[in-house]
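Asker: Next come the chains, spelled out residue by residue.
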Amino acid sequence: QKEVEQDPGPLSVPEGAIVSLNCTYSNSAFQYFMWYRQYSRKGPELLMYTYSSGNKEDGRFTAQVDKSSKYISLFIRDSQPSDSATYLCAMSAVGANNLFFGTGTRLTVIP
Amino acid sequence: NAGVMQNPRHLVRRRGQEARLRCSPMKGHSHVYWYRQLPEEGLKFMVYLQKENIIDESGMPKERFSAEFPKEGPSILRIQQVVRGDSAAYFCASSPPGQNSNQPQHFGDGTRLSIL
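First to last, the protein sequences are chains A and S.
Per our numbering: the first sequence = residues 1 to 111.
Per our numbering: the second sequence = residues 1001 to 1116.
With the rest of the complex left out, here is chain A (with noise of 0.2 Å):
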């Protein structure tokens, strides 16, 4: 069993829809949760950057954690074009030095 699990998607949706991404996770060790936007062909760039269990807002985007399920998920509000990318969940564990990632999904926002 992987320890982060990720739809790859594809997932297409018309401008100005929400979207919702998520992952799933087994090790109860991990305590911060991030997402990444990756267009193509371009390095992971840092989105969202939360610590434990909760909600956090940035514009058009939402993070939630919800621990006692080890779920996460990432909302965006009135998709634009420019959301269309890969986006990565990413975990680690208090004091470890090392990510792991989701594969990824392949979200494609059509005009």
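Certain hints may be false.
A partial selection of chain S residues facing chain A, derived with a Cβ cut-off under 8 Å [as the list claims (entries may be wrong)]: (1) Pro1039; (2) Glu1040; (3) Gly1042; (4) Leu1043; (5) Phe1045; (6) Tyr1048; (7) Ile1055; (8) Asp1056; (9) Gly1059; (10) Pro1061; (11) Phe1065; (12) Ala1088; (13) His1106; (14) Phe1107; (15) Asp1109.
It should be emphasised that the hints constitute simulated quantities derived from the structure, not laboratory data.
Fair warning: this is a prediction, and the values are worked out from it, not measured in the lab.
The C-beta atom is built at its ideal place from N, Cα and C for all residues, glycine as well.
Since the structure of chain A is already known, use the hints to place chain S on it.
Answerer: Here is chain S on its own, set in the frame of chain A:
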């Protein structure tokens, strides 16, 4: 550009040659991480370094791979005697110094290594 800089962006090597990948961290960052991304797979941690020290190399293959982060200059990921299976995108990330080791990691655009 104050971001993480990696070069070259693309590198082609024949089997048995050596590959050297370079990474300059973001300004003010002293921690460097190397990850490998294979097609259809997530990024996999390889090694974590601070200046002149390898802190965690638990993700590095035991043979042919080495990494360094000298006092001066970029971090280097070195792959000796490359094989076809080494073809991948190699990403470097950096984070600022701090007591909390879970600082956010910021990534470069990677080096895409192709082995002929």
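Asker: Each hint should be assessed against the structure and marked as holding or not.
Answerer: Results of checking the hints against the structure:
{"no.": "1", "hint": "Pro1039", "verdict": "violated (10 Å)"}
{"no.": "2", "hint": "Glu1040", "verdict": "holds (7 Å)"}
{"no.": "3", "hint": "Gly1042", "verdict": "holds (4 Å)"}
{"no.": "4", "hint": "Leu1043", "verdict": "holds (4 Å)"}
{"no.": "5", "hint": "Phe1045", "verdict": "holds (4 Å)"}
{"no.": "6", "hint": "Tyr1048", "verdict": "holds (4 Å)"}
{"no.": "7", "hint": "Ile1055", "verdict": "holds (6 Å)"}
{"no.": "8", "hint": "Asp1056", "verdict": "holds (5 Å)"}
{"no.": "9", "hint": "Gly1059", "verdict": "holds (7 Å)"}
{"no.": "10", "hint": "Pro1061", "verdict": "violated (15 Å)"}
{"no.": "11", "hint": "Phe1065", "verdict": "violated (15 Å)"}
{"no.": "12", "hint": "Ala1088", "verdict": "violated (14 Å)"}
{"no.": "13", "hint": "His1106", "verdict": "holds (6 Å)"}
{"no.": "14", "hint": "Phe1107", "verdict": "holds (4 Å)"}
{"no.": "15", "hint": "Asp1109", "verdict": "holds (4 Å)"}
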